[in-house]
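Work out the full structure: start from the sequences and follow the hints.
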Amino acid sequence: MSKKQRSMSQAKKTANFFSYLVLIILSIIWLIPIVWVVLTSFRAEPGTYSKYFFPKGYTLSNYTRLFTETKQFYFAKWFFNTFFVAICSCIISTFFVLSTSYVMSRLRFKLRKPLMNIALILGMFPGFMSMIAVYYILKGVGLTQSLLALILVYSGGAGLGFYVAKGFFDTVPKAIDEAAWIDGATKWQVFRKLTIPLSKSIIVYTVLTSFMAPWMDYIFVSVIMGDNYDKYTVALGLFKMLEREFINQWFTRYAAGSVLVSIPIAALFICMQKYYVEGATGGSVKG
Amino acid sequence: MNKNKKTKSDNVFTFIGRTFKEGDIFTKLSFFVMGLSNLVRGQIIKGLLFLSMELGFIFYMIMAGLTAFTGLSTLGTKTQEQIVIDKAPFIKIIKGDNSMLMLLYGVVAIFVIATFLFMWKANIKAAIEAQKLKEKGSKLPSFIDDVRAHFDAKLHRTLLFFPMMGVLVFTVLPLVFMILIAFTNFDNTHQPPGNLFTWVGLKNFRTVLFSGQTISKTFWPVLGWTIIWAILATGLNYIFGMLLAMLINRKGVKFKGLWRTIFVLSIAVPQFVTLLIMRNMLATEGPINGMLLNAGLISKAIPFLTQATWARVTVLIVNLWIGVPYSMLITTGILMNIPEDIYESAKIDGASPFIMFVKITLPYVLFVTGPYLIQQFIGNINNFNVIYLLTTGNPSSLDYYQAGKTDLLVTWLYKLTVNRKDYSFAATIGILVFILSATVSLIAYRRTSAYKSEEDFQ
Amino acid sequence: MRKGKKVIALLLTTVLALSCLTACGKKNNDNNKAETETTTTEEATTTDDAAATDDAVATDDAAAAEDTKLGDATLKVWGPQEQQEELQAMCDAFVALHPEDKITIELGVVSEADAKSEVLKDPTVAADVFTFASDQIAELVQAGALFPVAMNADQIKANNTESSISACTVDGQLYAYPSSSDTYFMYYDKSKYTEDEIKSLDTMMAKDLGDGVTNFSFDIDNGWYLSSFFFGAGCTLFGPDGTDATQCDFNNDRGLLVGEYLMKLAKETKKFANHDDGLLLAAFEAGTLGATFTGTWNAEPIQKSLGENYGTAPLPTITLSNGETIQLGGMANFKLYGVNSQTANPQAAMALAEYLTGEECQKTRFEKYSYAPTNLNLANDTEALASNPAIAALSAQAQNATVQTSIPQSGNFWTPSEAFGTGILDGSITMDNLQSKLDDYVTNILATLE
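Protein chains in written order, with this note's numbering: chain G, 34 to 320; chain A, 83 to 540; chain C, 79 to 528.
Because the hints were derived from the structure by calculation, they are not lab data. The structure presented is a predicted model; accordingly, all values stated were derived computationally and were not measured. Honestly, I wouldn't trust all of these hints.
With a straight-line Cα cutoff of 25 Å, these simulated DMTMM-like cross-link-like pairs (lysine to aspartate or glutamate) come out [claimed, not checked]:
| no. | chain 1 | residue 1 | chain 2 | residue 2 |
| --- | --- | --- | --- | --- |
| 1 | G | K104 | C | E160 |
| 2 | C | K382 | G | E102 |
| 3 | A | K299 | C | D517 |
| 4 | A | K169 | C | D249 |
| 5 | G | K46 | A | D423 |
| 6 | A | K216 | A | D106 |
| 7 | G | K104 | C | E184 |
| 8 | A | K174 | C | E184 |
| 9 | A | K299 | C | D510 |
Reference excerpt, derived from the structure (chain A facing chain G, CB under 10 Å, subset only) [claimed, not checked]:
| no. | residue |
| --- | --- |
| 10 | L186 |
| 11 | F244 |
| 12 | L255 |
| 13 | M363 |
All C-beta atoms in this analysis are idealised placements derived from N, C-alpha and C, irrespective of residue type, glycine included.
Written as structure tokens, this is what we have:
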């Protein structure tokens with residue numbers, strides 16, 4: 034008996050050993066690119082390519098020069114632009130997504146099903162084809178080359194992304210709402226006082242995804258901002274650093290910039306991981 | 083439910099006809115002077131709103147709308163011209179029509195007209211309602227009452243208004259514009275301001291699909307790779323993500339949070355950073371090849387991104403790096419929800435871990451994540467970032483027109499617009515991509531239980 | 079159901095907003111219309127003696143003097159980011175030259191490479207004067223985005239090199255102002271090759287430079303460089319004068335010899351490498367590269383890396399498999415300034431473009447950025463040029479270079495060239511299928527979408 038138990042735990046130990054081994058190997062693979070960006074950002078020797086993993090010399094100057102040598106790239110300004118746009122657009126987007134998803138989940142009206150189907154269809158067209166039209170619409174209302182235009186572009190279509198949040202609201206028992214209605218609360222009060230506080234995870238999820246969008250987009254910004262360097266966002270700025278004229282001199286600073294952009298997003302993301310999972314699975318999973 | 087629908091929505095025209103018959107003189111006049119019925123019966127603000135809307139519309143139509151709308155039929159007739167004049171600068175350029183703007187303004191005009199018609203119908207409805215309430219002798223709702231209703235019974239309108247405006251202006255309107263472009267010859271040789279373009283019907287679709295010439299010789303193979311890519315990328319990410327989640331969930335494994343965080347990092351770092359860095363690392367002269375060469379493991383650099391087959395495998399693998407953490411996150415919780423006793427009883431029946439995975443885990447997770455999987459598939463058909471940032475669609479091929487061996491339809495159409503300004507063909511391809519995505523998801527959504535049993539949850 | 083006023087109110091505002099949007103668009107059209115009406119009458123009076131006036135004006139000194147009065151104007155200029163300061167100084171100098179006119183100049187950042195897409199995106203807000211690479215001229219002209227050079231055309235033609243002027247000319251009409259010449263040539267490490275050796279690529283390749291050192295590299299999957307081999311062998315792109323969109327003979331027996339040579343070159347993986355800019359700079363820095371083809375924009379970092387061993391030369395000769403030795407050609411590119419066809423102040427814009435490409439500004443660019451001048455006074459000043467070895471090599475090479483063609487079809491050249499270069503590199507092009515691949519190459523270059 035005891036012998037059998039021992040062999041069992043032996044088998045379990047080997048199994049655990051292999052689990053850890055696989056996990057460690059995978060972790061290394063997953064971390065290599067990220068570590069490499071960080072190492073490159075501290076690399077003293079310039080140039081695009083290096084044939085080795087660890088730099089030969091380390092320096093902080095890639096970071097400092099990003100902020101001090103502002104003749105060609107206004108990194109700090111772009112960083113602030115992006116931050117501003119991200120905050121504004123994530124507030125608007127969150128409001129749009131929550132309203133739409135709440136309505137689609139909780140309220141019943143004639144056009145509900147058709148609207149949901151239309152939203153599904155609209156999501157399937159490749160978005161950037163319509164860039165040029167968006168540009169001229171913004172120009173029509175005199176908004177091109179402004180941060181407001183960017184905010185509108187990033188949050189304007191947010192109402193379409195209600196599916197995940199709707200799935201979440203679907204899991205919140207409707208009985209709570211009904212009880213409140215019977216007590217004489219208006220639907221608006223129910224939405225504001227009952228539903229919103231219950232939806233922390235989906236709010237965090239929506240905020241997170243919409244906050245990240247402006248940090249990642251480089252296509253719409255370049256169309257909207259054109260020659261106005263002052264109003265670029267970091268993503269586009271970093272992209273410019275990789276152009277033929279700059280890449281050799283700027284690659285290590287590009288890495289430094291990338292690290293700086295990634296830090297806030299990654300920190301936010303890791304802290305909010307739990308909600309993200311709950312949100313992404315529409316509440317069917319508690320993270 | 084279906085029965086209800088039919089009686090409710092007796093068609094718009096019969097409603098209008100009936101109202102005209104039943105209405106008194108003011109209601110009848112409301113057909114022409116919007117809001118009159120409300121004004122006469124004391125709903126001043128409501129009536130004025132309708133009226134000012136009508137005036138606004140008329141003003142718009144006179145000032146711009148009519149020309150914009152009629153411009154749609156020709157998309158411009160006057161080409162830009164140069165004439166010689168006798169004083170400096172000796173040449174004068176007479177601006178012509180801009181087909182692209184005419185098309186856009188035409189689309190805007192259609193939207194405005196549609197909105198107006200919608201409001202006009204609402205006006206008639208309001209007119210007859212006011213009349214009937216008055217006849218019955220009941221009090222007409224005041225403006226305040228109406229506002230209040232919009233935070234209760236009609237909350238859906240209030241909440242949907244802004245999001246819908248946003249979607250209309252920033253998604254639907256541009257989309258209609260783009261779809262219409264596919265039926266014009268707005269290509270490299272018809273660029274404004276110097277040239278006009280015009281309607282060509284279905285010609286672009288014929289060229290792309292059946293011409294057997296340059297562009298259709300590229301379309302079919304690129305479509306094939308797009309589908310293969312979408313299937314493999316979705317499937318592999320899903321399976322490996324689930325396996326990873328199971329590994330981390332194993333009872334003996336400690337620091338579960340730490341492991342998850344490590345993998346989640348790859349989601350948290352922007353793709354344009356990680357993918358461009360990977361491109362650098364995987365380059366022929368990049369550090370990976372450099373280290374492999376130095377270690378003597380290979381004698382010649384591996385063409386990760388420069389040779390067709392290698393590049394296709396590489397993008398799939400890098401996509402695993404990007405995608406596996408997502409599916410790991412999604413499946414982790416679901417896996418924990420599977421009742422433990424199912425496994426126990428299977429174990430007693432002598433099922434091997436593999437059998438348990440195939441017979442219990444997979445079906446359960448698939449059941450819950452069906453819609454997510456479809457979304458991922460559509461997302462991969464349109465996976466612009468991974469391909470464009472990693473390979474830009476390269477290596478380019480002599481068999482293709484303006485495309486490379488890893489190009490998906492989306493990246494190809496992006497190149498067509500940016501490099502060649504062939505908007506009409508790009509729009510055509512965009513529509514075809516849409517048809518592909520729509521077909522796949524239509525079939526799939528119908529089959530997932532989540533779609534059918536939407537109401538069951540509540 | 080009762081109607082909601084709030085919704086109505088909001089919709090109303092939207093309708094109004096949309097009407098404004100459309101009204102704005104309309105207004106422009108109206109302006110255009112008004113303009114047309116006034117100008118058509120002018121047209122009637124001027125078209126008859128159009129040709130005559132054109133000639134008369136160019137020679138009429140009195141008229142020219144009158145032209146210096148430009149009137150008040152606000153102009154926008156586009157230039158690359160790294161030259162903004164210099165550009166600002168040049169524009170200030172221009173304003174100072176015209177004290178009697180109120181000229182305001184505003185700068186925007188658009189590089190030469192991005193100019194075409196930025197201008198065509200929205201010509202009405204694009205800069206009045208912008209700089210662009212000469213391979214964009216055909217598409218810009220076709221789209222009607224460039225204002226023809228109507229003032230002082232003869233003088234500009236007389237002041238600049240013939241090839242630069244031909245790069246600015248489309249269908250016999252001058253459309254842009256040449257600012258610098260921009261072809262590529264050879265950089266080499268003097269410690270690895272002697273001046274005799276660099277005359278022939280085959281001699282260079284035959285030399286043993288030791289382990290880990292690449293004898294020679296160039297960006298083979300880039301049509302700009304790749305074409306130098308075909309042009310060297312006498313092949314032509316778009317006919318002998320580069321204007322026939324249906325002609326390209328890269329697949330004739332000469333092209334076949336070139337293909338063979340390139341395959342042989344690519345097979346020597348120890349001695350030959352496919353280097354883009356980043357790689358060649360890194361390789362020079364590491365001292366592992368003998369020679370390469372690239373342009374003046376890399377002159378500074380290469381000079382820094384090589385120090386005393388910094389060498390430049392025109393492209394070398396190659397010996398084809400039939401024993402024939404040919405001089406490599408090359409593609410001449412130019413940086414040009416153009417005036418936007420939609421500009422409100424064509425006269426001032428033209429004067430500014432002319433100034434920005436004049437002798438003085440070209441000289442500044444030559445000194446500051448190693449931009450090779452196209453102005454004849456500067457280009458013939460061999461002494462000054464020799465002070466900059468890169469420019470000296472460029473000037474020598476420019477004589478062998480083929481001017482990049484100025485027809486829109488040339489936009490189709492790059493992707494197939496990249497594909498052909500990739501095929502040579504990855505070995506998918508072999509002796510057996512070379513002819514058919516060359517045929518595909520040509521088919522793709524000449525492809526039309528219909």
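Hint check:
At most 25 Å may separate the alpha-carbon atoms for a hinted pair to count; G/K104 and C/E160 meet this at roughly 8 Å. For a cut-off of 25 Å, the pair hint linking C/K382 to G/E102 stands: about 21 Å separates their Cα positions. For the hint pairing A/K299 with C/D517, the CA-to-CA distance comes to about 16 Å; that is within 25 Å, so the pair holds. A distance of roughly 24 Å separates the Cα atoms of A/K169 and C/D249; the hinted pair therefore holds under the 25 Å criterion.
A distance of roughly 24 Å separates the Cα atoms of G/K46 and A/D423; the hinted pair therefore holds under the 25 Å criterion. Distance hint between A/K216 and A/D106 is fulfilled; the C-alpha atoms sit about 12 Å from each other, no more than 25 Å. Restraint check: the Cα-Cα separation between G/K104 and C/E184 comes to about 17 Å, which is no more than 25 Å; the hinted pair holds. With a C-alpha separation of about 24 Å, the suggested pairing of A/K174 with C/E184 holds against the 25 Å cut-off.
Between A/K299 and C/D510 the alpha-carbon distance is near 23 Å, which keeps this suggested pair within the 25 Å criterion. With its C-beta approaching chain G no nearer than about 5 Å, A/L186 sits inside the 10 Å limit, and its interface hint holds. With a least beta-carbon distance of about 7 Å to chain G, the hint placing A/F244 at the interface is held under the 10 Å criterion. A hinted interface residue such as A/L255 counts as satisfied when its beta carbon comes closer than 10 Å to some beta carbon of chain G; here the least separation is about 7 Å, so the hint holds.
Nearest Cβ of chain G to the Cβ of A/M363: about 6 Å, under the 10 Å cut. The hint holds.
Checked against the numbered hints listed earlier, the structure breaks none of them; every hint is satisfied.
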